Amino acid sequence: MQKAYSNKAVILSLVLPGLITFVFAILAPICLSVYYGFTDFSGMGEATFIGFANYKELFHDKAFGRSILNSLFLAIGFVFVQHPLAIITAALLERMGRKAEGFFRCVYFLPNVISVAVIAYLWKFIYDPNFGLLNNIVKLFGGKGDINWLGSGNAIWSVLIVLIWHGFGWGMLIYYTGIKNIDPTLYEAAAIDGADNKITFLKITLPLMKPVIEVNVTLAVISALKQMETVYLLTNGGPGNETQFMANYLYKQAFSSFRYGYGNSISVVFVIICVFATAVLNRIFKEREA
Amino acid sequence: MKMKKAIAALLTATMIFGMTGCGNKTEAPAAKDAGTEVTSDAAEEAAADTANDTASGEAVTIKVFSNLPDRTSGQGLVEQTLFNMYMEENPNVTIEVEALDDEAYKTKFKAYAAGSSMPDLVSVWGQPGFIDEVIDAGVLAELNEADYADYGFINGSLDGFSKDGKLYGLPRNTDVMCFFYNQKMFDDNGWSVPQTYDELLALGEQINAAGIIPVAMDGADKWPLAIYITDAMEKIDGSGVMAKTHDAIANADFSDPTFKQAAEMLKGSADARLFQNGFEVTDYGTAQNLFTNGQAAMFYMGSWEMSMANNQDIPAEIRDNIRVFLMPTVEGGKGKATDISAWNGGGHSVTANAANKEEAIKLLNYMYRPDGWTKIAWENGICMSAQDFSAYATGNETEVQKQFMDVIAGATNMSGTPINDMGTSDFKTQCEDLTQELSIGSVTAEEYLEGLAGACAQ
Amino acid sequence: MEKIAKKFTIGKVVLWTILIIVAVIQLFPLIWLLDFSVASSNDMFTSGLLIWPEPFHFDNYVKAFVDGHFLLYFKNSMLINTLAVLLVITISIGMAFACTRMHWKLSGLVKGLILLGMMIPIHATLLPNYVIYDKIGLTDTIWALLIPYVAFSLPQGLFLTCGFMESVPKEIEEAAMIDGCGIYRIIIVVVAPMLKSSVVTVAIMTFLNNWNEFMMASTYLSSPTWKTLPFSVLEFTGLYSSNYAVQFAVMALTAAPVVILYIILNKHITKGVAMGAVKG
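Residue numbers (the numbering used here), protein chains in the order written: chain A, 1 to 290; chain B, 1 to 458; chain C, 1 to 280.
Calculated directly from the structure, the hints in this document are not laboratory data.
Note that the coordinates shown come from a computational prediction; the quantities given were computed from them, not determined experimentally.
All C-beta atoms in this analysis are idealised placements derived from N, C-alpha and C, irrespective of residue type, glycine included.
Be aware that one or more of the hints could be misleading.
[To be verified] Heads up, simulated BS3-like pairs for lysine-lysine below, C-alpha to C-alpha not over 30 Å straight-line:
| # | chain 1 | residue 1 | chain 2 | residue 2 |
| --- | --- | --- | --- | --- |
| 1 | C | Lys-105 | A | Lys-8 |
| 2 | A | Lys-144 | B | Lys-267 |
| 3 | A | Lys-226 | C | Lys-170 |
| 4 | A | Lys-180 | C | Lys-12 |
| 5 | A | Lys-180 | A | Lys-210 |
| 6 | C | Lys-135 | B | Lys-108 |
| 7 | B | Lys-184 | A | Lys-144 |
| 8 | B | Lys-375 | B | Lys-166 |
| 9 | A | Lys-99 | A | Lys-180 |
| 10 | C | Lys-271 | C | Lys-12 |
| 11 | A | Lys-99 | C | Lys-135 |
| 12 | C | Lys-170 | A | Lys-180 |
| 13 | C | Lys-105 | C | Lys-196 |
| 14 | C | Lys-196 | A | Lys-3 |
| 15 | A | Lys-286 | C | Lys-75 |
| 16 | A | Lys-286 | A | Lys-180 |
[Said to hold, decoys possible] If we take Cβ atoms under 8 Å as the criterion, some of the chain A residues that face chain B in the derived model are:
| # | residue |
| --- | --- |
| 17 | Gly-43 |
| 18 | Gly-51 |
| 19 | Gly-238 |
| 20 | Gly-240 |
| 21 | Lys-252 |
Kindly produce the complete structure, drawing on both the sequences and the hints.
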């Protein structure tokens with residue numbers, strides 16, 4: 001039996017399809033990116049090797065710096081706004097009766113299944129300063145209703161709101177499951193000790209949810225770094241480069257500015273940052289557990 | 001009026017014919033080719049020399065990549081009509097069109113250029129910001145300039161599409177930047193067309209006071225803002241704006257006071273709330289809709305939008321009252337009212353590695369025969385071609401068309417390519433970003449000019 | 001008893017209020033979308049929140065359906081996503097079995113390598129992949145989408161499947177092995193059925209991830225043959241730039257299939273996502 005479990009041919013046949021896809025679709029393009037990152041390739045014609053010039057430029061590139069800051073801003077927004085809201089809603093929802101629970105869960109999750117293309121265009125209309133939904137709501141509450149939601153200074157907040165709105169249901173559902181999995185006898189014990197809702201939430205729910213929260217925080221940070229589609233359609237990085245993100249910026253450099261080589265050097269740094277951030281977060285959470 | 005309706009109906013008919021034809025395009029040409037064509041060939045041969053080679057040839061598919069996604073109105077309809085006519089005359093030819101919006105088009109164009117599978121016939125812009133790098137990379141096929149001697153292209157219109165004495169594309173239109181305005185709204189409110197820039201600002205204030213948006217501006221796409229600056233320069237400095245910009249970019253030196261004054265004019269207009277709230281995030285379609293739905297009194301855009309006057313989707317009371325005026329003169333400026341901001345921008349080229357290069361060039365030439373694009377575009381009030389269209393004046397032109405005819409006839413100077421399209425494509429992105437930032441006050445006029453100089457240096 | 005009743009009313013009212021407010025925030029933009037999708041384009045410029053269209057313009061949906069190539073793009077989206085889901089599940093199960101059950105030296109390394117893919121942003125491969133696909137003639141084919149979709153969903157799929165597989169008892173397989181089953185048969189007949197819940201989770205996550213994707217699609221595809229559903233929306237803004245109502249209709253129309261699917265499969269999807277959350 002041991003023999004069957006270490007049959008090389010069988011192992012190879014099981015592993016190879018995945019490995020080939022990985023090498024072909026992930027590893028090879030990254031290697032190619034590294035190569036183009038060292039050239040001044042415009043996308044057409046000849047590529048000339050220029051050493052680290054792209055990376056040196058990238059280091060001083062304000063728009064790129066802005067992209068990283070924006071990712072950080074999103075990550076903070078997710079961790080300190082979206083997730084607390086999701087946890088609290090999940091905790092409240094858990095107290096509802098069965099039917100209501102199912103209904104709300106379904107409603108909260110609904111935006112999640114709608115494609116980003118639709119979401120981004122829809123919110124573009126919602127934010128329109130002259131006839132958008134949001135300004136009409138502001139007017140309804142007696143405001144002037146001339147807020148330029150996607151304008152300078154507001155834009156990054158508006159992007160955050162869309163992303164929070166879109167991803168809220170997912171986070172809520174995951175936390176909801178986490179809470180459901182907490183042993184109910186713990187709550188009963190707390191109730192006997194006379195703990196009120198707030199104390200139960202802080203002393204029992206939150207600590208027991210720690211592993212779930214950690215995973216979700218990691219995922220939130222990564223998704224903040226990877227942000228592309230929504231921004232591409234909603235603001236395309238504008239006004240100026242105020243809502244620029246790494247993925248969008250590399251696209252802009254390669255295809256709008258004709259700087260394919262530079263775009264690829266951004267790709268390389270982008271990958272490094274993502275891998276690094278994940279590793280650091282995992283390390284932090286692991287150490288705290290130990 | 002009746003005449004125009006008849007033409008419109010005809011166009012629609014050819015369109016529908018073309019569309020239904022598309023459904024079974026794989027089999028249809030071959031079948032026709034084998035049957036009816038062969039017999040009629042001999043009779044036609046003597047008469048039609050363009051059809052000559054192709055009709056007897058085997059099935060050919062020409063791939064077209066176009067920046068005109070709306071194939072049922074405006075320039076997209078003209079293009080599609082010509083394609084349908086060509087396919088009808090050359091049954092062995094199938095034309096496949098892929099069309100995207102300007103910005104998406106340019107992105108995809110570069111992706112295509114990076115690869116090896118370029119379509120055969122493509123939309124291009126005869127401006128350094130787009131075409132220089134494309135020509136240098138050898139993407140476009142050279143055309144024989146002598147072939148076009150009797151096509152009636154207006155003086156200098158081929159320059160943008162040429163490099164080192166070789167021609168690589170043909171210009172579609174003469175574009176004039178202007179303010180479209182709603183005459184009825186002006187009359188009802190007692191507003192009058194401004195003669196000076198100061199009057200324009202004062203008018204803006206009056207319109208704002210009436211709770212209406214003065215000028216609908218497409219600021220999200222950024223290039224209209226850059227053209228606004230070019231327009232301002234034309235009025236400040238008069239002739240030689242293009243040469244001046246060219247030198248400034250070559251020397252990375254924008255210290256000439258014209259640039260600063262023009263930059264301040266854009267900033268000043270935005271500050272005076274001449275444009276709608278949030279103009280920097282308003283895209284083309286939205287800006288236009290503000291105007292065509294009566295939310296804005298004016299719309300700053302190019303002459304290609306003259307077709308608004310024929311667009312049945314626009315309410316008649318607005319459609320019939322669209323008129324134009326040009327950027328008014330600036331106090332102390334050297335530019336006259338007849339010095340206009342105009343250029344030959346968009347056009348078509350054949351790609352160097354086209355699978356059907358010869359066929360594609362034939363199609364290109366077919367489109368640009370004087371009674372091709374020029375005639376159809378003008379008679380339907382869609383745009384002014386870069387060729388002499390005076391022969392096709394029908395007397396039934398819309399008011400907007402007549403105004404443009406007068407503008408062209410009376411022009412004392414043309415600005416040429418706008419500032420953003422004068423440098424490399426990297427300069428273009430940086431210049432457009434900076435112009436947008438300038439308009440919303442994120443950068444000062446000084447920082448703007450420094451930024452422009454920095455963008456040239458790279 | 002009285003105390004409980006009181007708590008019930010005040011507490012419940014607050015609870016309901018909060019949950020309803022959140023529900024309204026999540027739902028209202030979608031209702032707004034539906035409302036204006038049957039209005040006329042000019043209605044957009046009224047200042048009310050919702051309107052009662054007079055008359056109802058259902059013809060907007062006809063335009064959206066026909067000019068948005070809805071059927072073709074929907075078919076493409078479904079086909080590509082279904083294939084991606086099937087491939088990811090099959091490959092994940094095979095690999096997970098090889099990496100958790102079978103004995104070979106490099107198993108840890110291979111698993112780690114694939115899991116590394118979870119950290120790699122898909123858009124970082126956008127530019128180089130274009131060059132690669134172009135060279136080998138994959139642009140404008142279904143493969144240009146299928147390969148990256150599978151590659152970037154695989155790490156998560158493998159991760160989840162490995163997690164589940166570790167909790168599946170080995171005894172049953174061993175019994176089957178003694179009965180003379182080969183490895184492949186064990187995987188298909190014995191192991192796979194026990195992984196049902198993980199398969200659902202992987203399927204849902206893969207589907208939702210790739211359903212949203214349009215950057216790759218818009219860069220790699222040129223003819224309508226394989227274009228996916230987001231293109232209906234993207235192409236419409238150019239086509240009907242002056243008609244907002246039709247734009248709204250096309251947005252509602254493209255959103256509809258998955259929303260309907262979700263409402264029908266609500267319970268399974270919730271369970272699947274939840275399962276992934278606990279394992280993740």
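Quick rundown of the hints versus the structure:
1. Lys-105(C) x Lys-8(A): The given pair, whose Cα atoms are some 11 Å apart, holds under the 30 Å limit.
2. Lys-144(A) x Lys-267(B): holds (24 Å)
3. Lys-226(A) x Lys-170(C): Not OK: Lys-226(A) and Lys-170(C) at ~39 Å, beyond 30 Å, violated.
4. Lys-180(A) x Lys-12(C): Holds: Lys-180(A) and Lys-12(C) sit about 20 Å apart, inside 30 Å.
5. Lys-180(A) x Lys-210(A): holds (14 Å)
6. Lys-135(C) x Lys-108(B): holds (17 Å)
7. Lys-184(B) x Lys-144(A): Distance ~28 Å between Lys-184(B) and Lys-144(A) Cα, so the pair holds.
8. Lys-375(B) x Lys-166(B): holds (27 Å)
9. Lys-99(A) x Lys-180(A): holds (16 Å)
10. Lys-271(C) x Lys-12(C): OK: Lys-271(C) and Lys-12(C) at ~26 Å, within 30 Å.
11. Lys-99(A) x Lys-135(C): The given pair, whose Cα atoms are some 56 Å apart, is violated under the 30 Å limit.
12. Lys-170(C) x Lys-180(A): Satisfied, since the Cα-Cα distance of roughly 29 Å is no more than 30 Å.
13. Lys-105(C) x Lys-196(C): Given that 30 Å is the threshold and the Cα spacing comes to 29 Å, the pair holds.
14. Lys-196(C) x Lys-3(A): holds (28 Å)
15. Lys-286(A) x Lys-75(C): Status violated; Cα separation ~45 Å.
16. Lys-286(A) x Lys-180(A): holds (24 Å)
17. Gly-43: holds (4 Å)
18. Gly-51: It is violated, given that the least Cβ distance between Gly-51(A) and chain B is near 16 Å, above 8 Å.
19. Gly-238: holds (7 Å)
20. Gly-240: This hint holds: Gly-240(A) lies near chain B, its Cβ roughly 4 Å from the closest one there, short of 8 Å.
21. Lys-252: Interface hint status for Lys-252(A): holds (7 Å vs cutoff 8 Å).
The structure shown violates the earlier hints numbered 3, 11, 15, 18.
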